[in-house]
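**Q** Just so you know, the protein sequences line up as chains L and G, in that order. Quick note on the working numbering: the first sequence kicks off at 12 and runs consecutively. Quick note on the working numbering: the second sequence kicks off at 12 and runs consecutively.
Just so you know, these hints were derived from the structure itself, not from any lab. Misleading hints may appear alongside valid ones.
Computed beta-carbon distance windows for the label pairs [unchecked claim]:
hint, chain 1, residue 1, chain 2, residue 2, range
1, L, D470, G, R571, 56 to 64 Å
2, L, N326, G, D470, 36 to 44 Å
3, L, R571, G, D470, 58 to 66 Å
Output of the computed footprint for chain L on chain G, the stretches with three or more beta carbons under 8 Å from beta carbons of chain L [what the hints assert, rightly or not]:
hint, region
4, 16–28
5, 78–84
6, 105–111
7, 128–136
8, 486–493
We treat Cβ as the ideally placed atom computed from N, Cα and C, and that holds for glycine.
Now for the letters of each chain:
Number of protein chains: 2
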Amino acid sequence: MRQSTYLLPTLREAPAEAETISHRLMLRAGFIRQLAAGIYTYLPLGWRVLRKVESIVREEMDRAGAQEILMPAMQPAELWQESGRYQVYGPELIRLHDRHEREFALGPTHEEVVTTLVRNEIRSYRKLPINLYQIQTKFRDERRPRFGLLRGREFLMKDAYSFDLDWEGLDKSYWAMYDAYTRIFTRCGLNFRAVEADAGAIGGEGGTHEFMALADIGEDTIATCTQCEYAANLEKAEAGPGVSEYREVAVGEHEKFHTPNIRTIEQLTESLGVSADRFIKTLIYLADGQPVAVLVRGDHDANEVKVKNYLGATNVELADPETTRQVTGAPVGFAGPVGLKIPVLVDREVASMQAGIAGANEQDYHLRNVRPGRDFPVEKTGDFRNVLEGDRCPRCSGTLKFYRGIEVGHVFKLGTKYSEKLGAKYLDANGKEQVMIMGCYGIGVSRVLSAIVEQSHDDNGMIWPVAVAPFHVHLIPVSVKDEAQIKVAEELYDRLRQTGVEVLMDDRDERPGVKFKDSDLTGIPIRLTVGKGAGEGRVEYKERAQSESMDLSIEEAMDRIVKLVKESK
Amino acid sequence: MRQSTYLLPTLREAPAEAETISHRLMLRAGFIRQLAAGIYTYLPLGWRVLRKVESIVREEMDRAGAQEILMPAMQPAELWQESGRYQVYGPELIRLHDRHEREFALGPTHEEVVTTLVRNEIRSYRKLPINLYQIQTKFRDERRPRFGLLRGREFLMKDAYSFDLDWEGLDKSYWAMYDAYTRIFTRCGLNFRAVEADAGAIGGEGGTHEFMALADIGEDTIATCTQCEYAANLEKAEAGPGVSEYREVAVGEHEKFHTPNIRTIEQLTESLGVSADRFIKTLIYLADGQPVAVLVRGDHDANEVKVKNYLGATNVELADPETTRQVTGAPVGFAGPVGLKIPVLVDREVASMQAGIAGANEQDYHLRNVRPGRDFPVEKTGDFRNVLEGDRCPRCSGTLKFYRGIEVGHVFKLGTKYSEKLGAKYLDANGKEQVMIMGCYGIGVSRVLSAIVEQSHDDNGMIWPVAVAPFHVHLIPVSVKDEAQIKVAEELYDRLRQTGVEVLMDDRDERPGVKFKDSDLTGIPIRLTVGKGAGEGRVEYKERAQSESMDLSIEEAMDRIVKLVKESK
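Just chain L, with the same shape it has in the complex:
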């Protein structure tokens, strides 16, 4: 491709609203342009990278035995009503009416459509298992679209759905996808972790993993073990055994003391000169509308997902101040476990305390010497807190380290949630009807682009891995007015393309500085400069990721490029 006629509009500055590096660089390098909030046009360079990622995804999905189909974006509302998600999904689901006033949804995901398809087309156990996938534009009306392609309202996704005879089958399908995802993200050059995650609102029994690209701007926190393979997102990460020494201390009766206007653990530690782990923090939640108290140590945060799962609730949220006052008899900041008339969930670390300081359920008072089991019941105990960096690993003797991650993929055991509701059943070898066991598997294809750039860039621009680069080689004749340079450049352009190397030739009549700057910005992995040495058959070879360039003969450069491109496939 010749740059002089190519739509590659680079910018010196990114628009002010672009907050992240990947968003800024993709705008500046002319990869994408915004049409509306969270809605982007892919310009030629961005589109080429998207296609590369798409191809890798397709190859690995096919290799794993999945079958590609294409389902519609417009989905009849009836299907979503049948699955029960039409109301639950909320304003993220884009709804519309056709000219006959029939209701449709723009698919953010396709469980309903694919389950109905399989229900209608597959009846015999002989046709199972099957894994159907598509690479398709999805719609999700995000409350706050941002970060460019990371959180968009219209985006490209690969979604796959497996249908198995039984749970053992699902297990095989699930791990086949897990392996495929590992290959996909590895080929995309991402630094990622597959982390255990919570099943969340999408529902269903069994396991789920999120594939997280490590990046500081990631919206999720991942806890990984420094010694073993354990990795989980913060919602899910299990607390290991406590690290604090067991302290056998004689403990007297609990006693009230005056703490005027002291409501937070920080204020308490400061005014009392006692470390935070000596406190019992009491949080009042509403679980499906019913108040419940959760006790965690003063230096810990409660984990609402764990609380929700323990209670089997569908919705858990912090109680409003008025409810807290009704339940505890005191304003927020003075709640404590002693004398509470509501269920009390005790985190394991609290249960193992000899005694602690807690709120007195009375304004401006706390209690010291509050002893678990004596002063309040320790019946509902479990892991109700977020892990902390440095905590013991739940699997080994290592400790946990935290990262931020961008979710680029998700594998999920759905079980019978959809097959039951939508009636996807098969006849087994004995002619008996059985419910299919499902899994679903997503990759945010457009999001992968952002994740790669977040991980792979420097001050001058992006640095694309060869396997997903928009072009392999940026061929730059220093002066388009120099005949020798143009002759060599044109020759190289033809020869490289004949060997399957993708070349962008900067044939613009611009100063070399401008060309090099743009080249660094777009991040094409190999820069081949044809300059003064052209007459002697010498060119300058430079890899974007390296700071040094090399003076090579044309043949040496050719060999090096062909080899690098071949290795990337």
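Let chain L serve as the given structure and place chain G on it in line with the hints.
**A** Chain G alone, transformed into the frame defined by chain L:
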């Protein structure tokens, strides 16, 4: 791919609502399934064909120098208001609101988006011409979706938009696309004609061609010359010189005669025993709300597009009975040109009549001896009728023949319609601002599938051209319990795939009759049967389009297949 685990659900009967051959066969052969009216899921076989067509389109667009991008489906309503199409487009445009009550349209086409993009990114004449295209899902809320993929509400389209410095540039861009389209449809194996068409509501000056796949179910009529290259759709086809001899006849004064309840040409010819070409048919239209009369010969039909273009009107429709009564003083069926107070458009064939029979503008009366120029003004004269099969060609001495056609592609000179309204301007070499000259170019990618099947099938099923076939070879071991057959089949399966041949192996434990029937239905172009001769290395080779099969050695069959597949590329 192994058929035993492949989603290829064939049906004995198609659903009753499938009216056309292509729709029936694609349902029966498991290529598509309907999700809602005009909205389809592509199953694996249908998806593979769609991808093949998409690849051909992409290759030829790239070869023609167009640049691929991807624009969003969700388009802000403001853009459509800016271009003036938001109201005009009517109920076919699917509209929706986001969570902030902002209005969006689901793109049926992308003139607004692409023109805005180019307006923002291109300022200099040096960056023009440019042709941007995408292959993308489009939405159009058809009043009557039908014929499967032929008239859907969600469909795959290739749309391209060229931006040129001037009209000469547009001409070059236009014909480059014309040539690319010719290559695309030829490679898809279609029997098609590029026909002159009317510019229609999309607007703009200059030429437009429709690419029509010939098929009896086509919704459009095409007139083609039996001698020269002339071809146009019926709306556009020009009437050649009249074929009737000029008849110099003495004509007396016009006179009224009684024709009780005789309102149509058919009734008149029957009751008077006079041929239809002796009548002057008078039709009252409303052109942008203003009444106008159009006169055509009794054996001709008026052409509303020609009337519209002559008047420069945006909307022309037959007047309602009440308007007709007000204008003519008589009920519908008795209108005539004599004494009319509204503009009268006279078709050339009427103008050249000596005299004719016309309505008297009085209930139950007609006039004979009505003479053009004497009894009514012949000032606004032109070509206002549809041509008839057998008419003289407007270009040569040949005659016109009619075909039915499916529109699969469309090239269109837009001119400045959008660039003017949306401000897509560039600075020329003298620094002067100029409006870009645009063209647009569409291909109904999913529609091409239907067109191919309409043209290429027999009583047993589809017959896919090798270049777009879902698989090249259908490999059928007659009995999966026969070890020799399975051994040979597996070997062939591996060897063929290694040479790049796409193979579907029917490894189902089914009777041969069932396998052959399904094979014919799916229309895979080469059937390779491994039967009793397997032990001696013999296989049965049969092309779907041929009735005869051949007994070949494995090597002979391999050679033949590899050659055929290679030639198709």
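**Q** Could you tell me which of the hints above the structure violates, numbers in ascending order?
**A** Hints 2, 8 contradicted; others consistent.
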